[in-house]
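Trainee: The lines below spell out each chain.
Protein chains: 2
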Amino acid sequence: MTQTNIKADWIAVDWGTSNMRAWAMSASGSVLAEGSSDQGMGKLDRDGFEPALLAVVGDWLDGPTTVVACGMVGSRQGWIEAPYAKTPCATLPDGLVQAPTKHPDLTVQVIPGIMQRDPADVMRGEETQISGFLARNKNWDGVICLPGTHTKWVHVSADEVVSFQTFMTGELFHVIATQTVLRHSVAAEGWDDAAFTNGMETAMARPERLAARLFSLRAEGLLHELKGDTARAQLSGLLIGAELAGAKPYWLGQQIAVIGDSNLSKLYVAALATQHVPATQVNATAVTLAGLAKAYRRLKG
Amino acid sequence: MTQTNIKADWIAVDWGTSNMRAWAMSASGSVLAEGSSDQGMGKLDRDGFEPALLAVVGDWLDGPTTVVACGMVGSRQGWIEAPYAKTPCATLPDGLVQAPTKHPDLTVQVIPGIMQRDPADVMRGEETQISGFLARNKNWDGVICLPGTHTKWVHVSADEVVSFQTFMTGELFHVIATQTVLRHSVAAEGWDDAAFTNGMETAMARPERLAARLFSLRAEGLLHELKGDTARAQLSGLLIGAELAGAKPYWLGQQIAVIGDSNLSKLYVAALATQHVPATQVNATAVTLAGLAKAYRRLKG
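Chains A and B are the protein sequences, given in the same order. In case it helps, my numbering puts the first sequence at residues 287 to 587. In case it helps, my numbering puts the second sequence at residues 287 to 587.
These are computed hints drawn from the structure, not numbers from a lab. A couple of the hints might just be wrong.
Said to hold, decoys possible - Label-pair distances were calculated between CB atoms; the ranges are:
1. B:S304 with A:D331: 29 to 39 Å
2. A:D404 with B:G334: 24 to 34 Å
3. B:G334 with A:G344: 46 to 56 Å
4. A:P405 with B:A341: 48 to 58 Å
5. B:Q384 with A:G514: 30 to 40 Å
Even glycine gets a Cβ: it sits at the ideal position worked out from N, Cα and C.
Make a model of the complete structure from these sequences and hints.
Mentor: What follows is the structure in structure tokens.
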């Protein structure tokens with residue numbers, strides 16, 4: 287580790303399946319430094335979390351320091367299991383769980399996820415983003431869409447998560463584009479806005495034909511020389527269109543906030559716009575930090 | 287190669303992406319011997335096909351011998367490209383293509399696949415099974431369902447393929463069960479009939495919610511200890527149910543024949559029965575051989 291002059295009052299951590307991000311925070315809640323690592327929960331066993339954390343934040347420690355972490359770090363396969371709160375519940379559930387540590391100055395508090403009994407559903411990490419969004423938008427009621435590997439649609443009211451539904455859209459896109467026969471037809475990069483919109487509208491109109499439309503992409507590649515970037519955008523449109531058809535009870539007649547990767551969020555905002563649903567794109571990092579800061583303040587309050 | 291006494295009058299070959307099967311045939315069309323290999327088209331470059339074939343059928347050769355082959359062996363990445371016939375067309379298209387061979391006694395004839403311009407679709411191998419089915423069921427009109435990696439629904443009339451549609455159902459099952467987060471919830475084996483029917487009916491009723499129902503299987507595993515064999519059957523039911531919803535224009539009010547793997551075909555017959563659609567399960571190997579024999583007779587006729 288290289289020496290730096292940054293010393294954190296506390297540390298914010300967003301620890302997912304694939305990656306970890308950390309921020310050195312001042313007492314007033316501003317970011318002093320940030321770091322990241324590819325040591326996601328999926329790559330670590332229980333003893334691996336503390337060294338992986340210290341590799342990123344070790345330089346920021348200067349005496350006893352609290353780390354507040356959200357995400358899959360609190361799952362059963364994580365550092366320590368932070369049991370789910372049950373809907374309906376506060377967007378930032380009580381019951382942070384302290385992870386076991388060896389470093390004398392380190393206290394790590396993990397934010398619980400939220401579960402819904404029926405239909406069965408779970409989230410870890412998104413509750414912190416939602417909580418941060420509400421901290422910055424007091425008294426906001428509506429539906430929050432969090433696109434990603436497992437896209438979530440969350441109905442929030444009176445600072446509570448009322449209900450939510452997860453769609454495996456992002457993960458389906460990944461495995462279909464890379465692990466099926468469509469890998470021969472779908473480019474790894476590139477885009478075509480018209481093809482996205484066409485796929486989206488096709489799937490919204492006839493979501494039951496999805497598995498047939500997928501094979502059509504392959505056949506169009508063979509017979510009509512469909513371009514790889516066009517196929518990529520159309521595949522994305524088909525899957526997001528099918529999701530919008532399924533999530534209609536969530537977005538119809540609601541105000542929508544979209545929190546996630548910037549490019550992916552833009553697609554959802556554009557897709558919702560074709561349905562005359564206004565949606566606001568929200569900076570994901572900002573609300574993640576706002577949620578972690580809210581949890582820290584509550585700990586210290 | 288071990289010496290045998292079997293000498294083929296001709297040889298029938300079904301050569302797919304993953305595997306190859308071959309039969310030593312008598313002049314009268316009965317099977318004298320059979321063999322198989324895991325050297326599917328996907329594992330071979332152009333020069334690899336002849337040695338892979340001879341490894342299985344070499345012992346059966348006794349002077350000049352004709353091999354009739356169907357399937358992906360005739361694709362652009364196969365032994366030789368056998369250009370597609372275009373719908374509407376005879377179930378067994380004209381225009382067999384001779385593959386280049388070095389062995390002096392070997393003549394290999396490859397059956398073309400069938401393409402449909404709009405919606406774009408392709409088949410290779412199924413046309414031979416359909417042709418064999420019609421050879422055994424004269425004047426049969428209706429819809430043939432060929433379940434598999436890429437399930438096909440084919441409208442046949444007057445011994446012609448009128449139209450068809452391919453659903454990526456089998457391949458989606460495989461990648462979702464093994465390459466996504468559901469791999470933690472879906473068992474590699476095992477079954478539960480009630481869960482299959484439940485998944486099938488759920489997806490037929492609300493096919494647009496497929497990506498959400500998939501994640502529910504994971505959440506039910508985490509929250510309600512859903513069993514792995516139950517999850518497996520329900521995943522299969524969800525995907526086949528969504529397919530049946532999409533293929534309804536094909537099966538509604540039609541007589542259906544189902545040609546494919548025996549266990550998978552049973553699922554389709556059972557699923558169609560819940561929709562009051564009678565479907566006949568057909569022995570896939572028998573109709574494949576009947577189709578290859580029809581092509582051989584035409585060559586020699």
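Trainee: Decide, hint by hint, whether the structure agrees.
Mentor: Checked hints:
{"no.": "1", "hint": "B:S304 with A:D331: 29 to 39 Å", "verdict": "35 Å, holds"}
{"no.": "2", "hint": "A:D404 with B:G334: 24 to 34 Å", "verdict": "54 Å, violated"}
{"no.": "3", "hint": "B:G334 with A:G344: 46 to 56 Å", "verdict": "54 Å, holds"}
{"no.": "4", "hint": "A:P405 with B:A341: 48 to 58 Å", "verdict": "52 Å, holds"}
{"no.": "5", "hint": "B:Q384 with A:G514: 30 to 40 Å", "verdict": "33 Å, holds"}
When held up to the earlier numbered hints, the structure conflicts with hint 2 and nothing else.
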